[in-house]
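**Student:** Below, each chain spelled out in residue letters.
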Amino acid sequence: MSSHVDRLIRLDDGQRILSKAECDTIARRVKGFAEHGGDTDVEIKSWWAGELRWGRNRVSLAGDRRNIGVEVTRTIRQAPGVAATNQIDDVSLQAAVRAAERSARLMQPWPQDLEKPRPPFTYATPAIWSDATYNQTASESEQAVRALMDPAEAQAMLSAGYLEVRADTMAHYPKDRPATYAAFTNAQCSMTVRDEKGTGSGWAGLSSYDQRAIDTQALAKRALEKAVASRNPVSLEPGRYTVVLEPQAVHDLVRWIVNPRINGTLDRGGAEKGSGPFVAGYDNALNLFRSKLGLKVVDERITISHDPMDPLLGVVPYNGDDEPYRSVKWIDHGVLTTLTDGRDYALTSRNDDLGHPNSGAYRMSGGQTTVEEMIRTTRRGLLVTRFWGVTLLDGGSLLVNGLTRDGLWLIENGKISKAVKNFRFTESPLFVLNSIEQLGEPVPVFSPFVPAIVPPLKARDFSFTSLIDAV
Amino acid sequence: MPITRRDFVKSGVVAAAVAAVPRPLLMRLGPTREPVPPIDDPRLKELVGRALEATRAAGASYADVRLTHDRGRAVRSDSEVRDGEDMVVGVRALVNGYWGFASGGAWSPDEMARLGRTAVALAKTNALGKKRVVDLAPVPAIKDGHWVMPVKIDPFEVPPLEIADFLASLEVYVARMRGAQVNGFVESSFRLQEIAFGSTLGSYCTQRCYRTSGSLQVVLVKDGKQGSGEVDCLTDAGLGWELFTAERIPFVRDRSLRESIRQLLDEIEAYTKLPIKPLDVGRYDTVLDALSVAHLLDGTLAPATQLDRALGYEANAGGTSYINAPLEMLGTYQAGSQLLTVTGNRSETGGCATVQWDDEGVVPDEFALVKDGVLVDFQTTRESAGWLKDAYARAGKTFRSHGCAVAPNGIYAPLQHAPNITMAPDRGDVDFDALVAGVTKGIAIKRMGANMDFQCLNGMGSGVTFEIKRGQRVAMIGNAAVLFRAPELWKGLLALGGTTSSRRYGMFDGKGEPPQNSSYSVTAPPALFKQLTYIDPLRKA
Chain A
1 MSSHVDRLIR LDDGQRILSK AECDTIARRV KGFAEHGGDT DVEIKSWWAG ELRWGRNRVS
61 LAGDRRNIGV EVTRTIRQAP GVAATNQIDD VSLQAAVRAA ERSARLMQPW PQDLEKPRPP
121 FTYATPAIWS DATYNQTASE SEQAVRALMD PAEAQAMLSA GYLEVRADTM AHYPKDRPAT
181 YAAFTNAQCS MTVRDEKGTG SGWAGLSSYD QRAIDTQALA KRALEKAVAS RNPVSLEPGR
241 YTVVLEPQAV HDLVRWIVNP RINGTLDRGG AEKGSGPFVA GYDNALNLFR SKLGLKVVDE
301 RITISHDPMD PLLGVVPYNG DDEPYRSVKW IDHGVLTTLT DGRDYALTSR NDDLGHPNSG
361 AYRMSGGQTT VEEMIRTTRR GLLVTRFWGV TLLDGGSLLV NGLTRDGLWL IENGKISKAV
421 KNFRFTESPL FVLNSIEQLG EPVPVFSPFV PAIVPPLKAR DFSFTSLIDA V
Chain B
1001 MPITRRDFVK SGVVAAAVAA VPRPLLMRLG PTREPVPPID DPRLKELVGR ALEATRAAGA
1061 SYADVRLTHD RGRAVRSDSE VRDGEDMVVG VRALVNGYWG FASGGAWSPD EMARLGRTAV
1121 ALAKTNALGK KRVVDLAPVP AIKDGHWVMP VKIDPFEVPP LEIADFLASL EVYVARMRGA
1181 QVNGFVESSF RLQEIAFGST LGSYCTQRCY RTSGSLQVVL VKDGKQGSGE VDCLTDAGLG
1241 WELFTAERIP FVRDRSLRES IRQLLDEIEA YTKLPIKPLD VGRYDTVLDA LSVAHLLDGT
1301 LAPATQLDRA LGYEANAGGT SYINAPLEML GTYQAGSQLL TVTGNRSETG GCATVQWDDE
1361 GVVPDEFALV KDGVLVDFQT TRESAGWLKD AYARAGKTFR SHGCAVAPNG IYAPLQHAPN
1421 ITMAPDRGDV DFDALVAGVT KGIAIKRMGA NMDFQCLNGM GSGVTFEIKR GQRVAMIGNA
1481 AVLFRAPELW KGLLALGGTT SSRRYGMFDG KGEPPQNSSY SVTAPPALFK QLTYIDPLRK
1541 A
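One line per chain: the protein sequences are A and B, in this order. Counting with this note's numbering, you get residues 1 to 471 for the letters of the first sequence. Counting with this note's numbering, you get residues 1001 to 1541 for the letters of the second sequence.
Note that these hints are calculated values from the structure, not bench results. Be a bit skeptical, because a hint or two may be false.
To be verified - Each computed DSS-like pair below joins lysine-lysine, with the alpha-carbon atoms no more than 27 Å apart:
| # | chain 1 | residue 1 | chain 2 | residue 2 |
| --- | --- | --- | --- | --- |
| 1 | B | K1530 | B | K1277 |
| 2 | A | K421 | B | K1540 |
| 3 | B | K1131 | B | K1389 |
| 4 | A | K116 | A | K273 |
| 5 | B | K1225 | A | K273 |
| 6 | B | K1371 | B | K1491 |
| 7 | B | K1469 | A | K197 |
| 8 | A | K45 | A | K175 |
| 9 | A | K329 | A | K273 |
| 10 | A | K116 | A | K175 |
| 11 | B | K1540 | B | K1277 |
| 12 | A | K175 | A | K31 |
| 13 | A | K292 | B | K1540 |
| 14 | B | K1222 | A | K273 |
| 15 | B | K1389 | A | K197 |
| 16 | B | K1491 | A | K421 |
| 17 | B | K1491 | B | K1530 |
| 18 | A | K45 | A | K221 |
| 19 | A | K197 | B | K1130 |
| 20 | A | K296 | B | K1540 |
| 21 | A | K418 | B | K1540 |
| 22 | B | K1130 | A | K221 |
| 23 | B | K1222 | B | K1530 |
| 24 | A | K292 | A | K273 |
| 25 | B | K1131 | A | K221 |
| 26 | B | K1277 | B | K1441 |
| 27 | A | K197 | B | K1371 |
| 28 | B | K1441 | B | K1530 |
| 29 | B | K1131 | A | K197 |
| 30 | B | K1225 | B | K1277 |
| 31 | B | K1152 | B | K1130 |
| 32 | B | K1277 | B | K1469 |
| 33 | B | K1130 | B | K1389 |
Chain B with its partners taken away, still in its complex shape (with noise of 0.2 Å):
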């Protein structure tokens, strides 16, 4: 049966998207083109089950196939509106413990199968050489699974005018207290990516997953001195246009989008108020706020405990890991002091890396990477899961992957990128302020960055940066840079915020080459660092 304009128009989110946007893009399932139906339309079933029959045919022990449909908008508050719209597929097989991948723009079935095809081929004529092993972790076949990612308000059903006047509005908030002004742009980005997995193991699945962001940078203007700062609570996000609208969203914000700028402004008078003062070159005990802990995880663990990486097959790339003997140190080694406890996950509300099943059809699960300081796992695929197949067997662990396989899209092969990453919080209701607090002569660091070396190991952060004394900040303090050593920091770890002082940030996972980008959640409360060394960054030896 064809589906007709009517029927796509009828078929829920969709509609309301096409009703926004009129965009019947065509594909070809039968021998005239028609729009593009929804993404669980069985007829995509067919689509994806024509390539995997061709790398049946052509000799693959296991084959999966991803057709992906991105749609991205991206409106400013000027009314600037971006529409953008990728139709891919990818197909991988494996032949004898190698790869071959092949992916392209067009789902068509002749299509399908020249992909199937190639990626057939192109893992033959590798595995002509030398004998190389993949043990795939088990995965229970998936009949006919649908998901979507559970937003409140789909960005892509309201009117882009909607949104640029919400924009607009918060410039003119902005603009209307105490001198401040939006530097730039407030800007606004939407993604639904629809997926349609299949394998060989007989999975079938669809997902629909959103993906939003912002930014909206202030600057203050008082009694001469100027202060400047961007609202932390718009990065990337696994959240609809309610990340801009609610009222609270947990871990990203307790207030609404108007109150949390007005808490920055607040913030940024309050420190413009300061003496400033140079560094005192030195070692101080620390307070970093949340999203500085959520970097320094971004930057240090969160790569380092990526098992590919650790191995060295991003050697060529990004680098490889201080975790450099993954399968010794697994269960035995000590990555920070007892109170560092991060766990992976790709469920949590909210998540970038949330999904139903991961890009090999795998349902991920929660799972700890350190716990109570000791490292305990590494983030997997189904392929590096069998790296590990003995070390679970000894532990008596199941042997899984924890679903961390991720492309951007189709056009892409899979890598292991990293999942949904939480630090565990302390279990009362200390904050950053209290944390500060309890320092008698020490640093406090906010929104500090971090730029680290190809082993995740050594590294030097910066940010907004205050002097402590008897528990309160007294100055701010001028070309102040740290420098740590990973495994040092978070054995220095001394106390740590609580729950409500945990907080959500959109992070990216850069590897692989060709380099693709995914993204990931980082949650972590603020934290006290023991003894960090303190050096001028703009000072030459």
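The shape of chain A in the complex, shown without the other chains (with noise of 0.2 Å):
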């Protein structure tokens, strides 16, 4: 066994994930593995994570995990199999193309249509990569940690977070098309400070690909102080209630609409086929559904945007599909403007040679109004510091169902005046967006891998439909 190999498999302290020239030999020695004919196509994944997880106030794991993941296609006769393995050695990489010919033989052929030739694409060179991150050493990680423990301790709080620095690899060698290798790092910190008795608790959080852009004493400020006011909430009634959002919490009702792997509402095919929100009708004389391309969806002042050119918010430059991420307006100016599609999509519906594929990372723009100017404006409402659980009750409108979390409060005449208990919500992304009065400066929110700038905002009528007396 040459030494190079030997080299590859160890991954060890000097090398946690795979360059590029590594995975071009791996992709080179699987494609020399294959028999019968047919078509071969390999992904190559892999990752380095370093973490530190703390509970009650201490530090409960410290960890430095790292992994492999080559996945082999062999298409044959348009049967195609698959099969997967984590060892990178001749003969584990030789076994998994013969299964991955068992499969494909075992297999019905599955004909499709003749991929039209591609155009060379061009790939935008976004910001994903850190050293900065990559390079956070273990004892970096833990003292950052512990200032921001000590805080939370210092005032007889428990706190509880989570600390992680990752690098990811992604090489793609399809059949007939060049081979696409993207390496990118990932750094995200949350928290969440409790009382003792649990009757209070705050969170901060924050991700992005490089950890400096992670001021974790602000989030541990921030987590502190929503703990200490969030203490001793009161019973409200559930009803419309006007509330200020913060960013994450527009952020947890907006991902909705854009992110596509927690729901497909920017869609094209979906909408052209009668289902979710963007659906503006059957068309009886041309026999099929209308999208609201070109029709006001939500406020004027709402524009959701995606540059992958964009610094903060870099993804790998193109799908699973190595079609390009380009710059796009989803909704601009509270019109709807562009639906996302594949390229085989693409090109039947409409004769475009690209699409618009959604890697679910947004931009959305705000206004000028704080959060604090939001509050001192209103009469009675409530602020929320973030949802979860949020869960889609009706497609058609957008309907889902969630929670408040760490942290409500209702506003009384320009102040916050008390703690409030959580509240069960039922309510549409888009009605709140519909129903804006104020909007504020978008900033970072927490999204780890897909990146979001959001703005805080003030929407009316926000339907509580029932109490929730969890902490």
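Two chains, two frames, some hints: make the complex.
**Tutor:** As structure tokens, this is what we get:
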């Protein structure tokens, strides 16, 4: 066995993830093992994570983890077979190829339209790698976390939280297209502070590809302040309230519109088959569903967009089919301007050679009003830290159900008057974006791997349907 | 002695798996690479020993190592077969009350040493901070234990083509029945996890655990009305291919899979004949089927009696527990009516969480969590049992872990996860229909799922909902949801089904940061609850 393979398999301290050259070698070996003709598609992933978890003011676990994944797809006479392994020695790779071939032989042919030749894709080169994240040592993480735990403990509060620095690589060797390789980092930090009796709870968190963008001290301060201020909440009647939503709370709703992994709200194919909230109606003359493209769907102050080159919104610049993410405005000044589709659908439905793949990352426009000003101008309303456990009730109206968590306060006559018990709500994010009174400055929120920049906002008539006395 | 290919193929179940999928993975025990031996090969013990030595040399007061080898296979009725394989190793070390953990994807002596050193270094880094006390519950050392989950048919011995054929035959069977059809594909999924565990207490053991599940959804169109449903006897189980082929499986189904499908179609046909009524908002006595009761346990008591969760260690993830002062509530808290007795075990045949040893080398025991309505214990690991040491001493109970340390595989550090959970049934032979027959005016729900809050306290549930009048299901109710608080729900338990109506379902316990999922079984009878509150979930305030 060559020393080269040994070096690859070990991923030891000096090497935690696979380089492009190493992925190229593995892919070449995999393709070399193919028998019985057909095509070979190889995906190679590797990742490393350094983690610190704490509870009750003490670190409960420090971890260092890494792994590899190789997925081989062998397509023989239009029948695809798939096998995966995390071992990259020759015999394991060969065994994976044989297993994929055996599956391909079992599989019924799955005729697919011949793909039209792709134009040469050009990918954006976004900011997704940070040496500062990759090189953060366990000892630096420990010092950061200690500084997060100590202030809470000094006030006899209990904190629990998580800090992670992580790097991933993703390489794809399609049968008949250029290969892709991406390396990206992620850092996240979040913490929850509670009092010993569990009458109050505060949370704060942030994520970025670059750990330097996370001001952990500011998070610790916010979580602690919220915990202290949320103690001993009073019961309020469910009903419609004006709400001041902090950016995280806005994100917890708006991601139901934007993120395709959560809901296919922006999916063009879905809308043109009559599902989702962006169906305008059935056109009897043309015998098809019309989407709401070109129609105003939310408040005209709202623009929801994504530019892969936005320094705060970097993602791997292509989707699972290697189709590039383009700079896109889903909603422009309240008007639905783009729906997402892959290249196949775009080609057949509107002869667009690229489509509009959607990474889920987004920037939402805002305004100049600070949260303090929103509170000052509210006669009676609720201040919401974040939502949790949000689930879809009705796709057509995008009605969702969920809970408030980690800090909910009553605003009376321009001031926060008291902490209130959590509510269950039944509301549509689209209704909220149509009931906006004020908007604040967009800021990054906690959204690991799928960054988002979101403003705080004040909206009317938010529907809280029942009291929950969980803290 | 190097293992030859022939020796390898000769070795029992592994041989059969290899015959089906020729995948001789390589590992490094000596100077050259060689095929991965069966998990009970003594040389894997040396590999585990390497990591333990490294942790000892680096100054760990305790350490454990898990080598896991997962094989996965998913087969669909259209003959799609997906194979996957993952070999990983995780080392956990304790230094001055702080845990360090390191894991990776290579089984080699050098890698064992590196992981051992890294785990200790991580623990030491954190041990520089304030004092942290860990009082691990005692556990006897295991001297070379080997265990294989007793399944009837090793799914990796069955040719994938035979599995695909069987699944396709179910599609044909459904299509021949009264205008029914399968929605999507019939799916099956199999996992074999081999684990070698060793600890610095001198324990060493290996296990081979199976997990099998499937999915089959039917749609029935009859007289212009459409009904649909999913067979509920294919949820995750600690069984082999017999989950599909056995004539009957205790607590899973009392007839063949085909008969179960026919029963489901009968049921769907019967309810499509019922009139549909809107909900009359209010409070109703409610009969829930076994699956609904299992989901309620999965949402409430199964997570709420996890001691780490109750003490706030999960506060930044899934949340805490409504059992929010666990040490004071132990032995006194009325968790439900006197009918409620809930136990944990990791030994029942077919259970998803069934093992011989947990991920800390503890032989799990069967233990009561709630007895006759009173909270009597918590789910524990060796560390969390230490938090109950005084309480156990006061109550005259043995200071021990209940063996609930679990990690999905070696890449994750063990956490406390749910064991198999069983709700004691009534002694008689009352079933769902008999419970319905006893209700004059009320509601019955089948297949209810529950959406819970972050203290497992307030929930909203909805399923296939029926109006009951004079002991009969007379109509279906559209858009209805139950709102409940866990303590009142369980205190309102009025009657239970008998043993023969109890059913076991595979559930998932998601927990931790980074998040990890483990699977466990919940066994429950149908039950009658007093005056549950109903709302229209689609109505805004």
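**Student:** Are the hints correct? Go through all of them and say.
**Tutor:** Going through the hints against the structure:
1. At most 27 Å may separate the alpha-carbon atoms for a hinted pair to count; K1530 (chain B) and K1277 (chain B) meet this at roughly 22 Å.
2. Restraint check for K421 (chain A) and K1540 (chain B): satisfied, since their Cα atoms lie roughly 19 Å apart, inside the 27 Å limit.
3. Restraint check for K1131 (chain B) and K1389 (chain B): satisfied, since their Cα atoms lie roughly 19 Å apart, inside the 27 Å limit.
4. About 24 Å separates the Cα atoms of K116 (chain A) and K273 (chain A), which keeps this hinted pair within 27 Å; it holds.
5. Between K1225 (chain B) and K273 (chain A) the alpha-carbon distance is near 22 Å, which keeps this suggested pair within the 27 Å criterion.
6. For the hint linking K1371 (chain B) to K1491 (chain B), the alpha-carbon distance of about 13 Å falls within 27 Å, and the restraint holds.
7. Using a Cα cut-off of 27 Å, the hinted pair K1469 (chain B) and K197 (chain A) is violated, with the two alpha carbons roughly 45 Å apart.
8. With a CA separation close to 17 Å, the supplied pair K45 (chain A) and K175 (chain A) stays within the 27 Å bound.
9. With a CA separation close to 22 Å, the supplied pair K329 (chain A) and K273 (chain A) stays within the 27 Å bound.
10. Restraint check for K116 (chain A) and K175 (chain A): the C-alpha separation of about 14 Å stays at or below 27 Å, so the hint holds.
11. Of the supplied pair hints, the one linking K1540 (chain B) and K1277 (chain B) holds, its CA atoms being roughly 20 Å apart against a limit of 27 Å.
12. Distance hint between K175 (chain A) and K31 (chain A) is fulfilled; the C-alpha atoms sit about 9 Å from each other, no more than 27 Å.
13. Restraint check: the Cα-Cα separation between K292 (chain A) and K1540 (chain B) comes to about 24 Å, which is no more than 27 Å; the hinted pair holds.
14. The suggested pairing of K1222 (chain B) with K273 (chain A) holds, with an alpha-carbon distance near 25 Å, which does not exceed 27 Å.
15. Proximity of K1389 (chain B) to K197 (chain A) is assessed by CA-CA distance (about 21 Å); at most 27 Å being required, the pair is judged to hold.
16. For the given pair, K1491 (chain B) sits about 23 Å from K421 (chain A) by alpha-carbon distance, which is consistent with the 27 Å threshold.
17. A distance of roughly 9 Å separates the Cα atoms of K1491 (chain B) and K1530 (chain B); the hinted pair therefore holds under the 27 Å criterion.
18. Distance restraint check for K45 (chain A) and K221 (chain A): the Cα-Cα separation of roughly 37 Å exceeds the 27 Å cut-off, and the hinted pair is therefore not satisfied.
19. A threshold of 27 Å between alpha carbons decides the hint, and for K197 (chain A) with K1130 (chain B) the separation of about 23 Å falls inside it, so the pair holds.
20. As the CA atoms of K296 (chain A) and K1540 (chain B) are separated by approximately 23 Å, the hinted pair is consistent with the 27 Å bound.
21. In summary, the hint linking K418 (chain A) to K1540 (chain B) is supported, as the alpha carbons are separated by about 25 Å, within the 27 Å threshold.
22. As the CA atoms of K1130 (chain B) and K221 (chain A) are separated by approximately 20 Å, the hinted pair is consistent with the 27 Å bound.
23. Note on K1222 (chain B) and K1530 (chain B): the hinted pairing is violated, with a Cα-Cα distance of about 35 Å set against a maximum of 27 Å.
24. This hinted pair checks out: K292 (chain A) and K273 (chain A) have alpha carbons roughly 13 Å apart, not beyond 27 Å.
25. About 23 Å separates the Cα atoms of K1131 (chain B) and K221 (chain A), which keeps this hinted pair within 27 Å; it holds.
26. Taken as a hint, the K1277 (chain B) and K1441 (chain B) pair is honoured in the structure, with Cα atoms around 15 Å apart against an allowance of 27 Å.
27. At roughly 26 Å between alpha-carbon atoms, K197 (chain A) and K1371 (chain B) fall within 27 Å of each other, so this suggested pair holds.
28. The straight-line distance between the Cα atoms of K1441 (chain B) and K1530 (chain B) is roughly 12 Å, inside the 27 Å bound, and the hint therefore holds.
29. Proposed proximity of K1131 (chain B) and K197 (chain A) is supported: the alpha carbons are some 23 Å apart, at most 27 Å.
30. Restraint check for K1225 (chain B) and K1277 (chain B): the C-alpha separation of about 15 Å stays at or below 27 Å, so the hint holds.
31. Proximity of K1152 (chain B) to K1130 (chain B) is assessed by CA-CA distance (about 52 Å); at most 27 Å being required, the pair is judged violated.
32. Among the hinted pairs, K1277 (chain B) with K1469 (chain B) is consistent with the structure: their alpha-carbon atoms are about 13 Å apart, no more than 27 Å.
33. Taken as a hint, the K1130 (chain B) and K1389 (chain B) pair is honoured in the structure, with Cα atoms around 22 Å apart against an allowance of 27 Å.
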